[in-house]
Each structure stands twice: as C-alpha cells, then as structure tokens.
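Trainee: Sequence:
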Amino acid sequence: MVGFSSGGTGTRLRLSLYIDGASKGNPGRASVGVVIRDARGKVISEVSRSIGRATNNQAEYKALLYGLEEVSKITDNRPGNVDLLVRTDSQLLYRQMTGRYRIRNKILIGISVKVQTRLKQLGSFNIEHIPREQNTYADRLANLALRKRSC
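Sequential numbering from 1 applies to the sequence shown in UniProt numbering.
In short, the hints are calculated from the structure, not lab data. There could be a bad hint or two in this list.
To be verified - With a straight-line cut-off of 30 Å between C-alpha atoms, the simulated DSSO-like cross-links for lysine-lysine are: (1) Lys106 x Lys73; (2) Lys148 x Lys106; (3) Lys114 x Lys24; (4) Lys148 x Lys24; (5) Lys120 x Lys106; (6) Lys73 x Lys120; (7) Lys73 x Lys114; (8) Lys24 x Lys106; (9) Lys42 x Lys148.
Only a predicted model underlies this, so the values are computations on that prediction, with no experimental measurement involved.
Kindly generate the complete structure, drawing on both the sequences and the hints.
Mentor: Here it is, written out as structure tokens:
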C-alpha cells in the first residue's frame, strides 16, 4: 500500500526516491540502483539495472531518470499529485539539479532534459544530498547489477 497525505488541493502521494549510479572504469560498465519508499518508509519499488558503458556521473543521472520513470508507473492515476523527495549521495548531481553548478557535459545535458520533462509531471519535487551511509540500499542495488553484468 502506498502512503498518501491530505493537502489543500486534495489527496497527495508522498514518495522518497533514493538513487545511486555505479561505474567500473569511469567510463566503463555501469549500472543504477533505485529505491522508492512511501510516506511510512516502506519500500514499494526497486530497480537494479545495467546501463552499458557510462561514467559515474552519467550513471547517477540515469539512476534519477529510471527512478522518475518508476515513479510515473506507480502514480499512473495521479499525475500532478505527487510530493517527491529525491535523495542522492552524488554532490555533482545535487548541485547541478539545484542550479549551483552548470551542466556542461553534452550527455548529461541530454539526460537532464529528459529528467526535467518527467519532473514537470509531478506535483512537487525536492532533492536532498545525503551521506553514503544513508544510501546503502540503492548503492547495493547498483553494485548488484554491476556484478551480474559480464563483459
């Protein structure tokens, strides 16, 4: 069961999205880990996926994109009524998403455009930088996909 909260504009869905990307070689084999929790902290979805060859920063951005796609699946009947908190241990991703740093890499710009399109479909969005110790589940999923993939 997904947790909802009542707000001034009706019932809103509160979700936390934990994301992590991994790359072996930078660039090299890469993967993502995504964990989505409801308002009570219960895990309602997870993703562990190889993404081919990428840098660690590209993997972090892809983790965000895959996470947002997963949120879209979960919220199929509630577009615009989502309060999403993204939690990442990537300082670069956090600083670029909050406008503190410019995105200069062309590949990251392309992924960022897709991310922004997904974010516009949500009710509200916040991003928070967290220590690695608070992101171990997503990290474990990313590394699991990295280990499973053989090149």
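Trainee: Take a quick look at whether lysine 148 and lysine 24 sit within 30 Å of each other, Cα to Cα.
Mentor: holds (13 Å)
Trainee: Holds or violated: lysine 120 and lysine 106, Cα atoms, limit 30 Å.
Mentor: Cα-Cα ~21 Å, so holds.
Trainee: Measure nothing beyond the straight line between the CA atoms of lysine 114 and lysine 24; if it is 30 Å or shorter, mark the hint as holding.
Mentor: holds (25 Å)
Trainee: So if I understand the rule, the pair passes when the alpha-carbon distance is 30 Å or less; does lysine 24 with lysine 106 pass?
Mentor: holds (21 Å)
Trainee: Taken at face value, is the distance from the CA of lysine 120 to the CA of lysine 73 at most 30 Å?
Mentor: holds (15 Å)
Trainee: Take the C-alpha atoms of lysine 148 and lysine 106, compute the straight-line distance between them, and say whether it is at most 30 Å.
Mentor: holds (29 Å)
Trainee: Are the Cα atoms of lysine 106 and lysine 73 separated by 30 Å or less?
Mentor: With a Cα-Cα distance of about 28 Å, the restraint between lysine 106 and lysine 73 holds, given a limit of 30 Å.
Trainee: Against the 30 Å threshold, does the CA-CA distance of lysine 42 and lysine 148 hold or violate the hint?
Mentor: It holds: about 26 Å lies between the C-alpha atoms, which stays within 30 Å.
Trainee: Would you check the hint for lysine 73 and lysine 114, treating anything up to 30 Å between C-alpha atoms as holding?
Mentor: holds (16 Å)
In summary, this structure violates none of the numbered hints.
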